[in-house]
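Starting from the given sequences, assemble the full structure and let the hints guide the process.
2 protein chains.
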Amino acid sequence: MKLFGGIEAGGTKCVCMVGNHPDHLLQEERFPTTTPGETIHKMIEFFLPYVKSRELAGIGIASFGPLDLNLNSPTYGYITTTPKAGWSHVDLYGEIQQSLNVPVAFDTDVNAAAFGEQYWIHEDRCLDPFVYVTVGTGIGVGVIINGAPLHGLVHGEAGHFALPHDWQGDPFPGVCPYHGDCLEGLASGFAMSKRWGESPERLAESHPAWDLEAGYLALALVNLIYAYSPQRIILGGGVSQHPGLLQLVHCKVHQILNGYVQSPMLNRINEYILPPTLGNRSGGLGAIAIAIRQLSEAHGQATR
Amino acid sequence: MKLFGGIEAGGTKCVCMVGNHPDHLLQEERFPTTTPGETIHKMIEFFLPYVKSRELAGIGIASFGPLDLNLNSPTYGYITTTPKAGWSHVDLYGEIQQSLNVPVAFDTDVNAAAFGEQYWIHEDRCLDPFVYVTVGTGIGVGVIINGAPLHGLVHGEAGHFALPHDWQGDPFPGVCPYHGDCLEGLASGFAMSKRWGESPERLAESHPAWDLEAGYLALALVNLIYAYSPQRIILGGGVSQHPGLLQLVHCKVHQILNGYVQSPMLNRINEYILPPTLGNRSGGLGAIAIAIRQLSEAHGQATR
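Chains as they are written, first to last, in the working numbering: chain A, 1021 to 1324; chain B, 1021 to 1324.
Just so you know, the hints here were simulated from the structure itself, not pulled from any lab data. Where hints are given, some of them may not hold.
Each pair may be met inside one copy or between any two copies, as identical chains are not told apart.
Below 35 Å or equal to it, Euclidean Cα-Cα: the simulated DSBU-like pairs (lysine-lysine) are [as the list claims (entries may be wrong)]: (1) Lys1214 with Lys1272; (2) Lys1104 with Lys1272; (3) Lys1072 with Lys1104.
Now the structure itself:
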């Protein structure tokens, strides 16, 4: 079987991998995201031997955003208006594609992670819609509906949901430069650090920060349940891995739903809202999965 | 061309129509929604002559919910846990299908209305995702993604989004029996009546109710934009038709987005968030559209 490349381009680090299955990865490398020139050069260097040996059938890129995913746009494949210094209007897709000259699939890090978890772990694909939420430095939401990552005017941005904010209980104004106290503004790892003066991994399990955090995440998950009626929600990212947080979130999601949505699945909420099975490889393995999908669709079209 | 039937089953009234195009309706009837027995009997009586004359190729039902849309469920086609007296666990699909013995398509009133507006008005189908919001006695949201109405665990319930609620500016606790101050609890026609002691149509254009209403609807629409990244949003229902409200909503959506989503479409927001072109026939004509779609898909499958 041919090999595929996966790139997860994150705001702080990048992951490159080559393989064709979670259990069959030939090489994997992680490096910090610095300038676009230096970072993209490292990506290209990583894949070049596989291109030269003609083993690589395609590459998937799972990138931080916002991204231009409109195939008819002259700036398709660009990172657009990111606050990350130097990375606005970078043609990530184009530089990789032109340097390596293989088919490249391109999507948001969270859409690719959602697709990866669905593709590699829930292979029957009947878990659709399928939602992946990451809570790390920022908050992102990826969605697969009818077998495809959700694209529209741009792509989903549910990390910026407007949510109830009890200013008396939590006078913190939020950190989102666009919205102040949206979901990401209130509940991202960066927001936690700013609110408590301590990074989340240093906050004890008994710290009131976690009850507040679980409350915001539960409100967000309920809104995601109302929006997509997903068959499964994966809760990933560094902050979500804090011991005990997921159980608190489960409990609060039940409280907020208050019996409104009737489904047997919601009575087994610990099987409904889950940590990622692929762990911190969801993005990279998702990137490989979207590359495989794109190639098989291209072949499907060619033979039609 | 064959004829199709459309049923819009609403909480207060029902619409039955026969035809195959918005400009080609042979008969249309509106009657109040009373008991299930009486109401469903009226629907059957309406269509019976067209079934007997073998002119009717199928019927679409656009119903108030919640509904069981899971094709593998023994209660597929039932209205499930509605607060509407007498209508819980009514087999609406089954009674129509068995009495008339024609193919029946079944979906929520809002999914059908969304599909109808997309199908009849934006026939190129490239406006996808496509969102229909109704603000009447209650609030509902229908969504078309990748050409199909959104179904999942159940169906979308974005009318119950959790939203910011400024208790100081608006101490009204909300009317939702499940969530209190969710979107429907704060901004439905029923909520307006309860808050102001006057039905919405009797509140003057200059009444502060409308600024508050526009604020809640704008927050909801921004969350819908973040969730689905829709290519178009239709804002229907009786409350939405209040003079000046849509313009207020446009203005507030822009304020809340605050430039976060970059798309030329958002600079023409009066072309992006629109009233329904089919008016109060979106549901019935949408029901006809889902019936046509189901029949053409069945034929597609048969010839594959």
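Hints and how they fare:
For the identical chains of this complex, Lys1214 and Lys1272 are neighbours both inside a copy (24 Å) and across copies (29 Å), given an alpha-carbon limit of 35 Å. For the identical chains of this complex, Lys1104 and Lys1272 are neighbours both inside a copy (33 Å) and across copies (28 Å), given an alpha-carbon limit of 35 Å. For the homomeric pair Lys1072 and Lys1104, the shortest alpha-carbon distance inside one copy (33 Å) is at most 35 Å, but the shortest distance between copies (67 Å) is not.
This entry satisfies every hint, going by the numbered hints stated previously.
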